[in-house]
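Each chain, written out:
2 protein chains.
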Amino acid sequence: MLVVKKFGGTSVANKERIFNVANRCIEDYRAGHDVVVVLSAMGKYTDELIDMAKDINENPPKREMDMLFTIGEQMSVALMAMAMNKLGVPAVSLNAFQVAMHTTSVYGNARLKRIDSERIRHELEQRKIVIVTGFQGVNKYDDYTTLGRGGSDTTAVALAAALNADRCEIFTDVDGVFTADPRKVKGARKLDNITYDEMLELATLGAGVLHNRSVELAKKFGVTLVVRSSLNTEEGTKVRRGSKMEKMLVSGVAADTDTARIAVIGLKDEPGVAFKLFNALAQHNINIDMILQSYGREGTKDISFTVARDDADEAAKVIDENFSEYEKVDVNKTVAKVSIVGAGMQSNAGVAAKMFEALYDENINIRMISTSEIRVTVLIDDKNTERAMQAVHDKFALGER
Amino acid sequence: MLVVKKFGGTSVANKERIFNVANRCIEDYRAGHDVVVVLSAMGKYTDELIDMAKDINENPPKREMDMLFTIGEQMSVALMAMAMNKLGVPAVSLNAFQVAMHTTSVYGNARLKRIDSERIRHELEQRKIVIVTGFQGVNKYDDYTTLGRGGSDTTAVALAAALNADRCEIFTDVDGVFTADPRKVKGARKLDNITYDEMLELATLGAGVLHNRSVELAKKFGVTLVVRSSLNTEEGTKVRRGSKMEKMLVSGVAADTDTARIAVIGLKDEPGVAFKLFNALAQHNINIDMILQSYGREGTKDISFTVARDDADEAAKVIDENFSEYEKVDVNKTVAKVSIVGAGMQSNAGVAAKMFEALYDENINIRMISTSEIRVTVLIDDKNTERAMQAVHDKFALGER
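Here the protein sequences come in this chain order: A and B. Using the numbering used here, the first residue of the first sequence is number 1, and each one after it goes up by one. Using the numbering used here, the first residue of the second sequence is number 1, and each one after it goes up by one.
Treat the hints as calculated values from the structure; they're not laboratory data. It should be emphasised that the depicted structure is a prediction, and the values quoted were computed from it without experimental measurement. Some clues are possibly wrong.
If several chains are the same, the list does not tell them apart, and a pair holds so long as it fits within one copy or across any two.
Straight-line Cα separation of at most 25 Å, BS3-like style, residue types lysine-lysine; simulated pairs [said to hold, decoys possible]: (1) 62 / 15; (2) 44 / 54; (3) 15 / 44; (4) 128 / 62; (5) 395 / 354.
Work out the full structure: start from the sequences and follow the hints.
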């Protein structure tokens with residue numbers, strides 16, 4: 001069996017943890033498996049590198065930032081190889097050039113295009129554990145690139161796909177994917193299985209165990225993902241293609257408080273207004289999430305949308321600078337999104353209504369609603385977030401199998 | 001004009017010094033020159049990496065040590081590019097893969113085989129300052145290698161040769177090459193010019209401004225080397241091919257206290273004894289410096305030689321384990337080598353005698369003597385080192401032009 005195992009920065013933050021990871025990988029190796037390990041930079045090292053750079057140049061060229069960033073993972077993989085060697089197991093560390101990991105050109109946020117598997121296969125044939133730098137790639141100019149947020153997860157999944165691995169294990173500090181955040185919702189239960197689509201909705205909605213890019217990639221190539229804890233040997237949660245049989249009505253509740261609502265009141269009701277509005281925002285790289293358009297007073301319409309909380313003021317500014325024909329812009333930064341996700345939802349009426357009922361029972365006001373085939377999201381006041389999650393979780397009895 | 005400028009770790013040890021180096025390079029750039037900069041790892045960062053590795057594995061695989069080491073220079077070059085960018089000058093950092101720097105396979109002590117100049121030339125044509133990682137290379141397996149001691153100097157000279165640069169400036173914390181160490185010898189004078197061969201002897205003998213590998217390479221490719229200070233704008237010392245006219249009788253005095261003498265007394269006087277002795281030492285990677293063989297008592301001979309002080313005990317052990325037919329091994333770790341170097345020496349009798357006279361005047365006993373065409377070296381008790389240097393320096397009036 002060929003296994004790709006990915007460990008994040010906290011899992012390799014110090015000597016003790018490095019040896020912990022080494023031992024876990026060696027277990028699989030000794031069981032006869034081929035083991036490829038993907039590592040992030042140690043602990044907060046990437047942040048230290050950012051501080052180092054900003055001290056020299058508060059606005060460093062992105063190309064050079066990536067050149068600096070990549071040393072973080074290279075440090076991790078070299079030390080890990082030394083640790084495994086110390087434990088008597090042959091291991092070899094490889095960076096993005098050595099693999100090679102080909103990406104698009106854009107610095108700081110590149111996409112993986114192609115991974116050469118030759119070198120890794122050669123090392124595996126020598127019965128070595130192969131330790132690969134996550135997060136980094138090389139573009140067509142032979143420059144280092146980094147993959148942006150969730151980059152190391154993406155590296156691991158892409159490697160698993162390129163090597164046709166039997167599974168890709170993503171190690172985190174939680175036991176797997178839960179029906180809701182167990183720190184916030186009583187009775188939250190670990191899921192044994194979840195579909196790619198459900199995981200995607202959860203990732204997008206701030207459940208945050210896996211970055212959606214890695215889940216999308218896993219879905220595309222049919223890579224069996226396992227989310228599990230680096231602190232214990234629990235089985236974790238398997239993310240894979242779901243069959244109808246397995247589909248749960250609702251598999252989880254997620255909340256995201258990093259959001260703000262912008263309402264543009266009294267826009268002229270004529271063709272192209274929405275296009276112009278969102279085009280202006282897109283040109284300022286402001287990502288829009290939920291959108292709601294309603295009739296305003298005579299001859300006008302209102303458009304509300306949500307953005308990341310940090311982008312709210314700039315969004316309002318962009319509107320102010322690009323539009324004149326509206327009544328007012330209202331920014332609300334004390335909102336939160338609460339969502340239910342489940343692949344079974346699409347064939348089952350009444351799921352949304354049941355969620356609204358749970359919130360009504362708690363007297364929680366819904367400000368916006370957005371749905372996809374396998375998700376229902378509501379926008380509420382953020383002070384009610386945990387109460388809302390608990391109510392919805394209880395209503396769907398997610399804590400029970 | 002194309003200039004290669006090499007700065008060591010102390011020159012880039014902190015933000016202030018990084019900007020100092022950036023400014024010096026930008027001066028040349030603004031004067032219209034093409035500038036290639038070679039950097040070492042910042043300050044004592046390589047030592048920190050060693051500590052980090054040893055904490056994990058006291059005997060780490062050399063391949064992984066090199067993987068770890070190379071991040072030091074990559075950090076330096078990325079930060080330098082950011083500093084130059086901050087000062088408004090386009091700059092690009094390149095590592096050993098990007099250049100590319102091809103080396104022999106051996107980890108920790110590789111030799112440069114070939115440097116591709118295409119990428120650097122391309123960047124220079126874009127009017128960028130090109131900042132290259134010193135000390136590192138890539139071998140035929142696509143693994144990082146490091147060049148061992150003096151590696152960054154070697155990188156700089158090899159780059160200058162590959163790019164056909166007009167000069168290669170090696171920046172240090174001294175003003176250039178002196179007739180003797182100015183901290184130890186009164187009246188020591190900075191030399192404006194010195195030949196490759198003289199510099200080679202001085203480097204080998206512990207004058208320590210330049211590593212002999214870099215000087216050998218400069219000689220081979222006729223690269224004009226300039227040794228100068230990173231702290232001021234003095235002209236420094238030019239190292240180049242010397243004509244007969246310019247040859248000085250004696251150009252400098254050097255001392256090396258990192259040495260120990262091993263005397264093997266009473267070896268059997270038969271063919272092959274010396275071969276077997278030094279072959280055994282070579283197989284344990286012990287480098288031999290001076291060798292002296294003399295007749296011992298009837299039917300035996302004595303062989304004395306010098307090694308680096310750290311190798312002395314192991315050398316004695318190797319002899320003990322591999323030979324039985326000798327009387328005793330004597331290890332003396334309180335010796336020093338003092339040498340005079342000068343390209344004019346070879347055509348001038350009496351130079352050695354004059355050196356011995358200087359030592360005799362000071363009542364300093366000579367334990368061994370070794371000579372080359374342009375060098376005379378004596379082994380003395382190390383407590384007499386500075387006194388010997390001063391006496392020889394004065395005798396040859398090296399402080400006067």
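Could you work out which of the previously given hints the structure breaks and list their numbers from low to high?
none
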